[in-house]
Every structure is written in structure tokens, then in C-alpha cells.
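Residue numbers (our numbering), protein chains in the order written: chain A, 1 to 157; chain B, 158 to 438.
Any given hint could be a false lead.
Mimicking SDA-like on lysine to any residue, the simulated pairs with C-alpha atoms at most 25 Å apart in a straight line are [as the list claims (entries may be wrong)]: (1) A:LYS55 to B:SER240; (2) A:LYS55 to B:SER239; (3) B:LYS172 to A:LYS55; (4) A:LYS55 to B:GLU165.
Don't read these hints as lab results, they were simulated from the structure.
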Amino acid sequence: MAEIEFILNHQKIVSETDPSLRLLDYLRNTLAMSGTKEGCGEGECGACSVLLDGKVVNSCMVPMANVAGHEVTTIEGFRETKRYKILEQAFVQCGAVQCGFCTPGMIIASESLLRQNPHPSESEIREALSGNLCRCTGYNMIVDAVKKASEDGDGLW
Amino acid sequence: MVKQVIPETLKEALKLMQQEDYILVSGGTDLMVQNYSESGIVPDFKRPVMYLANLEELKQLKVEKDEIIIGAEVTLETIRQSSIIPDILKEIISEMASPGIRNLGTLSGNIGNASPAGDSLVGLYLLDAIVELESMTGKRLIPIEDYITGPRKTVRHSDEMIVAVRIPTREPECHHYRKVGPRRANAISKLSFGGVFSHENSMIIDVRMAFGAMAPVVIRDKSFEKSLIGLSKAGIKAKKKAIIDHYRMLLAPIDDQRSTAVYRKKTALALLAEFIDLITD
Chain A
1 MAEIEFILNH QKIVSETDPS LRLLDYLRNT LAMSGTKEGC GEGECGACSV LLDGKVVNSC
61 MVPMANVAGH EVTTIEGFRE TKRYKILEQA FVQCGAVQCG FCTPGMIIAS ESLLRQNPHP
121 SESEIREALS GNLCRCTGYN MIVDAVKKAS EDGDGLW
Chain B
158 MVKQVIPETL KEALKLMQQE DYILVSGGTD LMVQNYSESG IVPDFKRPVM YLANLEELKQ
218 LKVEKDEIII GAEVTLETIR QSSIIPDILK EIISEMASPG IRNLGTLSGN IGNASPAGDS
278 LVGLYLLDAI VELESMTGKR LIPIEDYITG PRKTVRHSDE MIVAVRIPTR EPECHHYRKV
338 GPRRANAISK LSFGGVFSHE NSMIIDVRMA FGAMAPVVIR DKSFEKSLIG LSKAGIKAKK
398 KAIIDHYRML LAPIDDQRST AVYRKKTALA LLAEFIDLIT D
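Can you build the whole structure from these sequences, using the hints too?
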């Protein structure tokens with residue numbers, strides 16, 4: 001066990017935990033924050049995406065030891081922002097959500113992209129979402145939604 | 158449960174490594190999956206574990222004299238976005254994994270893992286990368302081709318840590334890289350090919366070729382490359398068949414879950430032919 005201190009959704013967390021515990025398990029089991037999903041558990045699907053210091057990462061691959069001293073944002077924290085609202089509306093309007101399982105990860109990956117590149121091209125969007133699988137939409141509606149969010153939210157990113 | 162440590166300084170880490178043989182975890186993108194046990198259960202590490210991702214001393218990325226120094230804990234995405242990194246290495250990293258993994262994974266991890274299909278290794282062989290090891294007793298600088306001795310086998314001693322990768326700043330003029338995998342993102346290569354060259358007045362002054370996942374280690378033949386230096390474009394064109402035949406002898410792929418030996422060899426030689434055409438174009 002080790003004492004791990006980090007910031008989660010703007011709140012300081014100090015936790016006595018096994019340093020090898022996956023960030024994903026810590027979020028879902030220890031904190032009962034189930035917005036972050038577990039799909040494959042091996043970095044293939046992106047359902048477990050969270051922001052680590054503002055950049056998308058697969059939380060199924062992050063041991064708690066590596067989180068120490070960093071800032072983690074999950075979908076629960078990100079949903080409180082204006083940028084989330086823009087992305088949410090765009091996803092709804094473009095039909096980018098069907099079963100919804102991949103959606104938190106898609107939103108997090110989109111936020112990570114727009115932070116670095118507020119006006120991405122279609123190919124840049126596809127590249128940024130390439131680690132997130134969706135078995136319902138066929139992706140085109142999700143790509144459209146991110147494009148729309150970047151236009152509707154012009155100036156927010 | 159195994160012992161786990163999170164050192165705060167490099168020195169503390171190296172001291173601990175004198176006493177015990179640790180599994181060294183950087184981004185965790187390989188090791189957290191290789192040792193995965195079950196959802197909600199901690200990974201099943203068989204030996205003591207040391208976490209290195211937060212060692213600030215290993216996050217430098219800079220040019221020193223005529224070398225680019227990439228600290229062991231610099232992430233792949235940071236390397237990819239850096240202006241000091243050679244284009245071929247950027248291109249290779251762009252085709253590795255996905256943004257979420259590139260924000261965690263490191264070059265040192267790819268080297269330490271020493272998988273025959275490690276994509277960055279092809280670029281590191283082509284660029285004559287040097288692996289910098291450090292222990293309490295000193296440093297060792299080892300060329301990448303001497304560092305990796307077989308699948309998951311390296312010359313690292315248990316008290317040594319990869320602290321940096323060094324790449325000569327002298328960058329070849331042209332490069333070509335092709336990765337063959339089942340899809341663009343998150344695919345482990347069936348095979349890969351990289352080549353670089355420079356010419357002067359249509360005479361070849363530098364040419365290098367490397368193949369990934371075609372043998373237990375990356376294949377690059379420096380002495381054969383030397384024999385091509387000084388040739389004109391027409392001279393290379395005339396030797397095309399001989400070059401392909403040479404590498405046909407060297408490549409020794411296997412059948413595994415990702416591909417077959419026959420497919421790998423045929424495709425790798427086709428990519429080599431494409432590269433030769435590019436040189437002689």
C-alpha cells in the first residue's frame with residue numbers, strides 16, 4: 001500500500017491504496033464513479049478514457065502509482081463545463097449516441113483533441129478518435145458531431 | 158503480494174535496484190496488460206515492482222552537442238510533437254497504438270520490452286540510436302542493435318536502468334516507412350519496413366534499411382548498406398534484384414497469431430522493392 005495524492009475533478013484526493021491498482025478500478029470500485037467504462041481492459045477500445053493532465057489516456061493501463069501528483073478529469077468532472085454542453089448537444093443532434101457505452105470515452109477523446117486543436121479537420125478527428133471503438137454508429141456521426149462541436153463552441157477551446 | 162516502490166529520485170531508484178531485481182514500470186501500457194489478472198483485482202506481478210513514470214530527472218528532451226537526448230520517461234506523444242525529433246521517428250510513432258496509449262507509453266518501454274514487433278525499434282535501428290544505461294556503479298552506452306539480443310532479451314543487468322535514448326542529430330534526407338497491420342490504429346505489426354537515404358549529385362552517400370517483425374530482432378545489415386554507398390541511382394537500379402535477394406536470405410519470419418512467414422517475407426520484399434524504386438526515382 002502507498003499514499004497516493006492527486007487531483008480528481010478539481011478536488012484533492014489522498015488515498016491509501018495499492019500502487020498497482022488500475023486507475024479505472026479505483027474510479028469505478030473505490031469511488032463508485034461509473035461514468036468511466038470498462039470495455040476490453042487492454043487498451044484497445046478506449047471506453048475507459050479519462051484526461052490525465054488534460055490529455056486522453058486509457059485508465060485501464062494506468063497504475064495508481066503513476067497518478068500521484070497529477071490531475072485526473074473523468075466524464076463526471078468534465079460534464080460540469082460549457083465545453084461538455086457543446087459536445088453533448090452536438091452528439092445528440094448528429095445521432096452520435098446509440099447504445100452509449102463508448103460515449104464517455106468518445107467525449108473525453110474529443111475534449112483532448114479540441115484542447116490541442118480547436119478546429120480539427122476530418123482526418124485529424126478520425127486520428128484523435130482512433131483509439132475509441134464504437135460498435136453502433138459506424139463512426140461518421142461521431143466525426144460529424146466533433147466537427148459541429150468545434151464550430152458551435154468556437155472560442156471555447 | 159510483491160513489494161512495490163515509488164522512488165522520488167533517480168539515485169533512490171538505483172540504490173534500491175542494487176538490492177533487488179525489480180520489474181520497471183514506466184507508462185504501464187505493456188506491463189499492466191501483460192500482468193492483468195481480472196477486473197477490479199490488482200495486476201499479478203511476479204517480482205517486486207518499481208514505478209518510474211514520475212521521475213522528473215528522466216523527462217528531459219534536448220539536443221546536446223550532436224545528439225538528441227530523449228529521457229526514459231518522455232511519452233511517445235511528447236516525442237512525436239517535438240521539433241527536434243527526426244521525421245522518420247515521428248512518422249513511426251504516429252502509427253503506433255492510439256492517442257490514449259501514446260500519452261502514456263515511452264520509447265524506453267518499447268526498448269525494454271524488446272518485442273520483435275516493437276514499432277519504434279525499426280526507427281531506432283535506422284537512426285543508430287544508443288541506449289544509455291545507468292546504475293550506482295556507472296553508465297554504459299550501448300548501440301540499440303547490441304542492446305537487444307532476442308525476443309524480450311536485452312543485455313541490461315538487474316541493477317541498471319535505461320535512463321535515456323541518444324540519437325545522432327545528423328538526419329538523412331529522405332525516409333520511407335510502411336507498417337503492415339490489420340487496421341490503422343492499435344494494431345501490432347504483422348511486419349514493418351523503414352528506409353532512409355541521402356544523395357549528392359545523384360550519387361548515394363547514405364542508405365539504411367530495417368525490417369521489423371521479420372526475425373527475432375530487427376534486421377539491419379550495415380556492411381551491406383556500405384557496399385551501396387557511392388553508387389549512382391542507375392547503379393542501384395541495376396542492383397535491385399541483388400539487393401532483394403540479399404535480404405531474402407536475411408529475413409527469417411515465423412508463422413504466429415498475427416501473420417504467416419510466407420506473407421511476411423513476400424510483403425517485406427515488396428516494400429523493399431518500393432523503397433529501391435523511391436531511391437532511383
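> Of the hints given before, which are not true for this structure?
Replying inline: Failing hint: just 3.
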